[in-house]
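K.L.:
Following the hints, position chain B against chain A.
These protein sequence lines map, in sequence, to chains A and B.
Sequential numbering from 46 applies to the first sequence in this note's numbering.
Sequential numbering from 35 applies to the second sequence in this note's numbering.
Check each hint, because a few of them may be wrong.
Straight line, CA to CA, 30 Å or less: simulated DSS-like cross-link-like pairs of lysine-lysine [claimed, not checked]:
#1 A:K55 <-> A:K147
#2 B:K48 <-> B:K212
#3 B:K230 <-> B:K211
#4 B:K301 <-> A:K55
#5 B:K187 <-> B:K48
#6 B:K301 <-> B:K102
#7 B:K102 <-> A:K147
#8 B:K187 <-> B:K138
#9 A:K147 <-> B:K301
#10 B:K211 <-> B:K138
#11 B:K102 <-> A:K73
#12 B:K301 <-> A:K73
#13 B:K211 <-> B:K48
#14 B:K301 <-> A:K103
#15 B:K211 <-> B:K187
#16 B:K48 <-> B:K230
#17 B:K301 <-> A:K149
#18 A:K149 <-> B:K138
#19 B:K48 <-> B:K138
#20 A:K103 <-> A:K149
#21 A:K55 <-> A:K73
#22 B:K230 <-> B:K212
These are calculated hints, taken from the structure and not from any lab test.
The lines below spell out each chain.
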Amino acid sequence: MGLIPLDHVKEGSLLETDISENGQILIKAGIALTERHLRLCRSWGIAELAIQGLDPDKIENDFFANLDPALVTEVQEHCVEVFRHTELNHPAIGALYQIYLKRKLRERHRG
Amino acid sequence: MADLTAAELVGSVKTIYTLPSTYDRLSEAINDPGSTMDEIAEVLTNDQSIAMRVLELANSAFYGFPSKIETISHALTLIGAQQVRDLVLGTAVIEMFDGISTQKVSMASFWKHSIACGLTSKIIASLRREPNVERFFVLGLLHDIGRMVMLQKIPQPMTSLMSEAEAEHQLLYVLEKKRFGFTHEDVGAELMLQWKFPPRLAESVRAHHRFSTMVRFPVESATAHIADITTHAMGFGGSGEIFIPPLNGTAWGLIGLDPSALQRMEKELERQLEEVLQIMLPSS
Numbered sequence: 046m047g048l049i050p051l052d053h054v055k056e057g058s059l060l061e062t063d064i065s066e067n068g069q070i071l072i073k074a075g076i077a078l079t080e081r082h083l084r085l086c087r088s089w090g091i092a093e094l095a096i097q098g099l100d101p102d103k104i105e106n107d108f109f110a111n112l113d114p115a116l117v118t119e120v121q122e123h124c125v126e127v128f129r130h131t132e133l134n135h136p137a138i139g140a141l142y143q144i145y146l147k148r149k150l151r152e153r154h155r156g
Numbered sequence: 035m036a037d038l039t040a041a042e043l044v045g046s047v048k049t050i051y052t053l054p055s056t057y058d059r060l061s062e063a064i065n066d067p068g069s070t071m072d073e074i075a076e077v078l079t080n081d082q083s084i085a086m087r088v089l090e091l092a093n094s095a096f097y098g099f100p101s102k103i104e105t106i107s108h109a110l111t112l113i114g115a116q117q118v119r120d121l122v123l124g125t126a127v128i129e130m131f132d133g134i135s136t137q138k139v140s141m142a143s144f145w146k147h148s149i150a151c152g153l154t155s156k157i158i159a160s161l162r163r164e165p166n167v168e169r170f171f172v173l174g175l176l177h178d179i180g181r182m183v184m185l186q187k188i189p190q191p192m193t194s195l196m197s198e199a200e201a202e203h204q205l206l207y208v209l210e211k212k213r214f215g216f217t218h219e220d221v222g223a224e225l226m227l228q229w230k231f232p233p234r235l236a237e238s239v240r241a242h243h244r245f246s247t248m249v250r251f252p253v254e255s256a257t258a259h260i261a262d263i264t265t266h267a268m269g270f271g272g273s274g275e276i277f278i279p280p281l282n283g284t285a286w287g288l289i290g291l292d293p294s295a296l297q298r299m300e301k302e303l304e305r306q307l308e309e310v311l312q313i314m315l316p317s318s
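Isolated chain A (complex conformation) (with noise of 0.2 Å):
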């Protein structure tokens, strides 16, 4: 099982593996994670979770297909505006716009 990204994550989540730091345990695996648990894993900079039964592909999937499409349109239209310099049709630069697009939704999904 893969990383899910720690806003991808709810609470009661059934944590995989143990979060330590030093040899020493901060949450223990198993534990079903509460909203104080997510905070504190912000606040030690953590960014991602390995979370029991979930498919991360599957979740970030899912994620975007179930934005609101005004909100998807929005921003889509904000990234061409951003990339207007470059050639969307290279790779490196369609790979780019990908991860700007989905930090973007990220982002204001978040609000």
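P.N.:
Below, chain B without anything else, positioned relative to chain A:
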């Protein structure tokens, strides 16, 4: 304004932007073939704040060493004296500009972009198995330093140029060239030459938006070019440029990355950036 050159602009700030004496002493000790590792370590330990930062970096995700590094001599042995000097230099430059505010670009955002670009350059160099990857970190860290000088020394023209860039949908560095006859790349390169940086780094800073096969140091220039664009596209901070700068296909080909590596780089940056920011930019 039209007849001012990048070198003159840098000359006018000579007394403001000077590197700390620890850096000079460290360089001297490293360049002296007769000095021992202990003597180099002593120069560092005499400057507590720098010594502490070197140790923090050595113990961070920036290196990811498995065990704790307790002493400066240990850090010097593991990382290498020249690499430690590069890190000292990077933190010294950030400190030099600390507390100076600019109207249009916040310091926090500027250094976030710079540090992220440094980390990206270092990751690219590691993927290419280049030796001494810290110099790539310094290259990325300082690639936009000329912009900071321009924002501070000629704030009015820069502010109006930034408004123009926004209104006309133009790249800021293109407008800089049109307005002044030089860009922030030239200013940065001149400043670095004045600081006695190796031309390899200074000239690569000068070429980070205008890569061509004619540049003197193609690998370094192409790395800075790609790292800058990548950092912009990942949205880590900013240096006043609204648009993603165009990618030079030849530079991309020279570095030889697979586009799928960019997504892995994003994750690696997420992992390293906050920690390195906290160490190098304690006031943020």
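K.L.:
Which numbered conditions among the earlier hints are violated in the structure presented, ordered from lowest to highest?
P.N.:
Failing hint: just 7.
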